[in-house]
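Now for the letters of each chain:
Number of protein chains: 2
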Amino acid sequence: MSWKGNCLIAQSGGPTAVINNSISGLIKESLRQTRIKTVYGAIFGIKGVLDEQLIDLGLESRQTIDGLRYTPGAALGSCRYKLQDSDYEKLLAIFKKHDIRFFFYVGGNDSMDTANKIHQLAQTSGYDMAVVGVPKTVDNDLPETDHSPGYGSAAKYIATVVKETGLDLQGIVASSDIAILEVMGRNAGWLTAAAALAKNNREEAPHLIYLPEVAFDRERFVNDVLKVYDKLGYAYVVASEGLTDKNGNYIAAEKATDAFGHVKLGNGLATTLKEYITKEANLKVRCNILGTSQRSAIHNSSRTDASEAYMAGIEAVKLAARGMSGIMVTLERKDHPYYLSSLGYTDLDRVANREKTMPLSMINEEHNNITKEFLDYARPLIEGEISIPMHQGLPVFVTLEGYKRMNLISRKPAS
Amino acid sequence: MSWKGNCLIAQSGGPTAVINNSISGLIKESLRQTRIKTVYGAIFGIKGVLDEQLIDLGLESRQTIDGLRYTPGAALGSCRYKLQDSDYEKLLAIFKKHDIRFFFYVGGNDSMDTANKIHQLAQTSGYDMAVVGVPKTVDNDLPETDHSPGYGSAAKYIATVVKETGLDLQGIVASSDIAILEVMGRNAGWLTAAAALAKNNREEAPHLIYLPEVAFDRERFVNDVLKVYDKLGYAYVVASEGLTDKNGNYIAAEKATDAFGHVKLGNGLATTLKEYITKEANLKVRCNILGTSQRSAIHNSSRTDASEAYMAGIEAVKLAARGMSGIMVTLERKDHPYYLSSLGYTDLDRVANREKTMPLSMINEEHNNITKEFLDYARPLIEGEISIPMHQGLPVFVTLEGYKRMNLISRKPAS
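Chains A and B, in that order, give the protein sequences.
All residue numbers for the first sequence refer to our numbering, where the first residue is 120 and numbers rise by one.
All residue numbers for the second sequence refer to our numbering, where the first residue is 120 and numbers rise by one.
Don't take every hint at face value.
Any copy will do: because identical chains look the same in the list, a pair fits if it lies in one copy or spans two.
[What the hints assert, rightly or not] Dumping the calculated DSSO-like pairs for lysine-lysine here, alpha-carbon to alpha-carbon at most 30 Å: (1) K393 with K403; (2) K216 with K201; (3) K523 with K350; (4) K403 with K523; (5) K475 with K491; (6) K491 with K365; (7) K523 with K491; (8) K209 with K523; (9) K523 with K346; (10) K523 with K215; (11) K201 with K393; (12) K201 with K523.
Worth flagging that the hints you see were computed from the coordinates, not collected in a lab.
If we strip away everything but chain A, and leave its shape as in the complex, we get:
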């Protein structure tokens, strides 16, 4: 295999704080590889490919490409779009037209499904193209990899906020009795569980953790809360937005579904839990709903995570340059004598549309907390800080020049 050609980089789904580390690594390594000629980026994911919104990333300054390493959001723009049968022919034509021979897609489960389909499209069409996925998700629910880039930073932010707001709760009498933090994660509790990293002793937050892996029981929940409150005079609850009852129904769900048919979760979980408590006891309950700050808080990100995201981008290009296709980069872990991650890969069809939830061995018997096994797993992933250039007290982020030019045209709402 010695064909040469252009490469195309795109990202998809909800961003993470460090997703652009992967983009930075992909661009840098693509520019280094002699088999790769022009390095294109698609604006707004696979949708941008279909719309032929491609920019030449080789024209970006070194400063901007480096700056991606501390810039949150999706620097190339992202989308949630499920490919239609009618799209494939068009995609292939566009790949051919622009001589795209390397395709890199940074995303989660759904995106890996998209990447897999593109890989299969190339294969069945006899079109030489290497397709490699780069994992990203704050949910940490991608299988076949020890953990996913993006998770460590979100976990660190959650744990930090719980440590801080936990002290706030502990220190003030007669303001709030109960704090509820609602955490992202549709079906996997990894990010919710990360709150436990904040706790060093019995008094400290969090006291109760509710995960989507086990059925939520309203009565048991209220009892749990009152038991902690009776002991300490306060209780800090952390709950996943994706909690379900024993019949598998979401505790708080909106009616809408997204492009992939997933139920959309609103801001209802925390307030629902609040109602459960206040209906049973005269307690003051305060809800914290961090929303999208969980997946964009680069200001409190993990250096371990940022580095791994960057290295995963570089590795994807190296694998593709060796002619490999239909794979996703993975992170492997060596914990002895100390944490060390190395890069591997797995077949896309082992990842596509599959979710890795928390094993029951990481959840306590009462289903209201985690076990030490989880702490051992998660602790190394939040280590280390990154340095962000500051101006007038705020972080300075970069924007790709090509994105700036395309953005206004692309984002105009369809009317």
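For this one, chain A is given, so just place chain B on it according to the hints.
Same frame as chain A, but now just chain B:
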């Protein structure tokens, strides 16, 4: 005036990220002053004084007292308690019993009212005691001071999160169209307005800012949002939890009131605004409600703010040691040639129970944004970062030894 005696330090109301900087300054300077013998702290504010929950702060290690400078929450514990007529006699007896001759209260408007009443109590009783207030509030609504310790750090956190989540919103098509950030501040919009510091160009968040100083109009709001959306394809809204309609009714209020008779605001504002939008247009709206993390995010605090909080604590002791009483420390500003703050003081009765809201000159004519005057005012207050010791990826906070011993007894809920 040359009496000597013990001093008592207490804090009250909701904490700020840097409130313990003031406590640290108060302790250090009190330990230095020859007129002050034992340095006491009251656990849980004025409630702790009434309950005689006093700890000897002179027994704390230098390391702990320094550590307060990067520890959020109320290190001494706080309360929301309005003094009853029957409390005064008891208070005076306790002051006499422990020979309290210097009383320092760190808090906001309500706390300054409490401090003022204690000052008057001492005066009318002919009891020699210096009472000095130290300002703190993320709401920045204390009059007679250019700004309040605690505000700069909360403002920096809000602006940082808006910068980050703004990129998140901009970068992703078909996930969310509209983002709403709900910000603390019952009647003053200072903290909500701080979101504007994040914005450098037309595309960047925030696009619309709604402040409690001006009446909120539902129809105009929806129009504003749709106008921005039509131009950009997304819109980022920041709104104060304390928005009121033209009749002065809160847009989102719970029925309960706190000890001072203030209406308690629930988590309802953002979701109410979301409904306003979704009833008029088929748009995806996402709410971020940072809750108590706004007043405890020391991990992203302002060095300017932390220093001023610390210096205000020191200054309070110096003023008291000169025999001054019935005053609150203030911050004065000199902006030319560059920002420099100095310390002053004002009479407590000029502060007690009064609120400083934003002047209309800082709010735009359309009542949906701020003016440059506000940016010039706020920008210097968020400057500089503080360094926090880290362990395993998380900040390390301190706890007062005396608080540890008292806490479990004190927090036990009244049954």
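These are the hints, each one checked on the structure:
In the homo-oligomer, the alpha carbons of K393 and K403 lie at most 30 Å apart both inside one protomer (9 Å) and across protomers (24 Å), since each shortest distance falls under that limit. Taking the shortest alpha-carbon separations for K216 and K201, only the intra-copy value of 22 Å comes in at or below 30 Å, while the best inter-copy value is 74 Å. For the identical chains of this complex, K523 and K350 are inter-copy neighbours only, at 15 Å across copies versus 55 Å inside a copy, given an alpha-carbon limit of 30 Å. Within a single copy, K403 and K523 get their C-alpha atoms only as close as 47 Å, which misses the 30 Å cut-off; across copies the closest is 24 Å, which meets it.
In this homomeric assembly, K475 and K491 come within 30 Å of each other (Cα to Cα) only inside a single copy, at 19 Å, whereas the closest approach across copies is 49 Å. Taking identical chains as interchangeable, the C-alpha atoms of K491 and K365 lie at most 30 Å apart only when both belong to the same chain, with a minimum of 26 Å there against 54 Å between chains. Taking the closest pair of Cα atoms, K523 and K491 come within 30 Å of each other only across two copies (25 Å); inside a single copy the shortest separation is 46 Å, beyond that limit. Taking the shortest alpha-carbon separations for K209 and K523, only the intra-copy value of 26 Å comes in at or below 30 Å, while the best inter-copy value is 67 Å.
In the homo-oligomer, the alpha carbons of K523 and K346 lie at most 30 Å apart only across protomers (21 Å), although the nearest pairing inside one protomer, at 54 Å, exceeds that limit. Taking identical chains as interchangeable, the C-alpha atoms of K523 and K215 lie at most 30 Å apart only when both belong to the same chain, with a minimum of 26 Å there against 69 Å between chains. For a Cα distance limit of 30 Å, the shortest separation of K201 from K393 across copies, 27 Å, qualifies, whereas the shortest one inside one copy, 36 Å, does not. Proximity of K201 and K523 under a CA criterion of 30 Å is satisfied intra-copy only: 25 Å inside one chain copy versus 55 Å between copies.
In terms of the numbered hints stated before, the structure departs from none.
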